[in-house]
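2 protein chains.
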Amino acid sequence: MVTISVDAMGGDHGPSVLIPGAAISLERHPELKFIFYGKEKDVQPEIDKFPKLKAASKFVHCDVSVRMDDKPSQALRQGRWKSSMWKAIEAVKTGEADVCVSAGNTGALMAMSRFCLRTMADIERPAIAAIWPTLRGESIVLDVGATIGADAQQLVDFSVMGAAMARAMIENPKPTVGLLNVGVEEIKGQEEVKEAGRLLRDADLPTLEYHGFVEGDDLGKGTVDVVVTEGFSGNIALKTAEGTARQIGEYLRAAMGHSFMSRIGYLFARSAFKRLGEKMDPRKVNGGVFLGLNGVVIKSHGGTDSEGFAAALDMGHDMVRNELQSKIDIDIKKFHTRQGRSRSANSASEQSENKSEK
Amino acid sequence: MVTISVDAMGGDHGPSVLIPGAAISLERHPELKFIFYGKEKDVQPEIDKFPKLKAASKFVHCDVSVRMDDKPSQALRQGRWKSSMWKAIEAVKTGEADVCVSAGNTGALMAMSRFCLRTMADIERPAIAAIWPTLRGESIVLDVGATIGADAQQLVDFSVMGAAMARAMIENPKPTVGLLNVGVEEIKGQEEVKEAGRLLRDADLPTLEYHGFVEGDDLGKGTVDVVVTEGFSGNIALKTAEGTARQIGEYLRAAMGHSFMSRIGYLFARSAFKRLGEKMDPRKVNGGVFLGLNGVVIKSHGGTDSEGFAAALDMGHDMVRNELQSKIDIDIKKFHTRQGRSRSANSASEQSENKSEK
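Chains as they are written, first to last, in UniProt numbering: chain A, 1 to 358; chain B, 1 to 358.
Bear in mind the hints are in silico, worked out from the structure with no lab data behind them. There's no promise every hint is true.
[What the hints assert, rightly or not] Just so you have them, the derived chain A footprint on chain B, three or more residues with Cβ under 8 Å: (1) 23-37; (2) 46-54; (3) 220-231.
[Claimed, not checked] List time: in silico EDC-like cross-link candidates among lysine to aspartate or glutamate, alpha-carbon distance up to 20 Å: (4) A:LYS221 <-> B:GLU250; (5) B:LYS274 <-> A:GLU250; (6) B:LYS221 <-> A:GLU250; (7) B:LYS221 <-> A:GLU242; (8) A:LYS93 <-> B:GLU250; (9) A:LYS71 <-> B:GLU250; (10) B:LYS71 <-> A:GLU215; (11) B:LYS71 <-> A:GLU250; (12) A:LYS333 <-> A:GLU242.
Idealized CB from N, CA, C, for every residue including glycine.
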């Protein structure tokens, strides 16, 4: 059994899209249980439409919901302790749920997740990991925007966490990891990136294979399983790729509608275009995973439809099934102990304090 | 008359591709003159094949040429004063040529250009500006990799230079400028970017319209005429977009070849695909422009063919015709004088020193 707590008020379209998404995911994973948080008058009627889902879920009414355009500080001020988003996150903290999924606004979700779940004892900064479709399959890219900037140690921690996520996703005990960098040989990158490269090479970790630096065009090639960078450049890379895909989609549409012949061609090649559309479908890989907190939170695109939200829920299911959180916990502790910088191993008192907070 | 100095040994394919490229560009701009630098035995026979080009060009033999995999420091050590790349750049310094075009390696070309031409009196760091195809036409993106990091003043200088280039390229006396940033409201970007935004807003320049922050997906949309960022994220955005375009091209090829029907469809829609191919053709916009030096240097892709190299030469022609260098010079001086930080205006002695160096 895997229990997912859902902020049913999140996203551009709210419960009318999210609840049917849960019903789709439940069909695929009958062992799923849901706890939905939101306004009763909006959410309950949607749940009532899906008897199987209703049987597998619990509903908790919340008066407050975080708006898509709330600033993180505003969301925290108004929504802490009581909003549907907060409650969904808190369910992971209390152990009622195994993972939280929300289509709400990213900044608010990250701020509340940090505040409620706290970063893991050995982690200074959380990261948002995105699944990136590549010519070789899928890669994981982090951080795509949790924080701005990262020092070498933080980049190395991102690498360890990203590799743990890759192992929870793909059948590869030792995923390859690359650090995102620029190509010009001697100005090659920020000092932090160079230093992180040295640390990863020296560490020679059993849980990942350090590949070296990769460049922006290696993302689409799928050169490595995990691409690590700080949140500013990661966010820009992610949005640039999304924008480029949309741009080419526009060109293609314009080109195919241009002449009578091309329109006939389109009819013949319709199934090919359908395949292409599927390849490029952002719903298939909908879900940014927050790593480095005491619990897993998954962010779905705000503008997603039910199919896309189901994909985010599926991912939540897989991350729990494949024990993402404990993988990260074990890997980070081992690594930091080797480096002599484990906070959790060195200060047992601090850790028990952390736990008693729960 | 516009004279272009060409490092005829640059690029993956050398003079056999570059010289025919010059012949193509000469057809389009009969007022062009060329000075080619390179090894006589390699270059002269190529020039001899094009009588018109031969008549419009001068050839200078150089023993040394910079290799595509030379490190910038290595290239400087071995190629300074004497390589074909150095000589081509130096021709701009001495005034023999109006602009230098090279398909040689970017790091070496930038290092030599900085060493030979020096940065403009009022500019601390040069930038590489790329032409970015968008849904609205073309935008300019800088810096795509001249240096790593930039403070607020440098980002503002990039904005002024980028706008000058936009005015030299498009018929718009006041191009729009956006600062590349990430979308999450309150962590919104590096301090430098925020500060640069404030400076641009306060400056209220007559030569550009400051639009505000833009995100990665605004690049393909063409939201603004000029997108400004520091070299690390700019380089990653550029290569990510290139990689994504190639990736989708691969998907499309695979999808169209998948079935008999889709292959028939392809035949009908051939002209549409040709149009799409042209839209996505990187040769059309081949050329990164080095801004902020005492002279314009244009970098062509190393792997380009003759058509692509001709596009880089065309761009060189246009930049000279439209007085890019003096536009930058005037705009930067005016702006710095208003800010009270003009080095060229404040210290005439320093500037004359700079000149006597020539």
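We went through each hint and held it up to the structure:
A count of 0 residues in the region 23-37 of chain B with a Cβ less than 8 Å from any Cβ of chain A is obtained; the coverage claim is therefore unmet, three being the minimum. Counting residues of the region 46-54 of chain B whose CB lies closer than 8 Å to any CB of chain A gives 0, which falls below the minimum of 3, so the coverage claim is violated. Chain A is given as covering the region 220-231 of chain B, and this holds because 4 residues of the stretch bring a CB closer than 8 Å to a CB of that chain, at least three being needed. Of the supplied pair hints, the one linking LYS221 of chain A and GLU250 of chain B holds, its CA atoms being roughly 10 Å apart against a limit of 20 Å.
Under the criterion of a C-alpha separation no larger than 20 Å, the hint pairing LYS274 of chain B with GLU250 of chain A is consistent with the structure, at around 15 Å. Between LYS221 of chain B and GLU250 of chain A, the direct Cα distance comes to roughly 10 Å. Compliance with the 20 Å bound is thereby established for this hinted pair. Between LYS221 of chain B and GLU242 of chain A, the direct Cα distance comes to roughly 11 Å. Compliance with the 20 Å bound is thereby established for this hinted pair. Our distance criterion of 20 Å between C-alpha atoms is broken by LYS93 of chain A and GLU250 of chain B, whose separation comes to about 44 Å.
Only pairs whose Cα atoms come within 20 Å are accepted, and LYS71 of chain A paired with GLU250 of chain B is rejected, the gap being roughly 40 Å. For the proposed pair LYS71 of chain B and GLU215 of chain A, the alpha carbon gap of about 18 Å is at most 20 Å, so the pair holds. Distance check on the hinted pair: LYS71 of chain B and GLU250 of chain A sit about 40 Å apart at the alpha-carbon level, beyond 20 Å; violated. A hinted pair counts as satisfied when its Cα atoms are at most 20 Å apart, and LYS333 of chain A with GLU242 of chain A does not qualify at roughly 35 Å.
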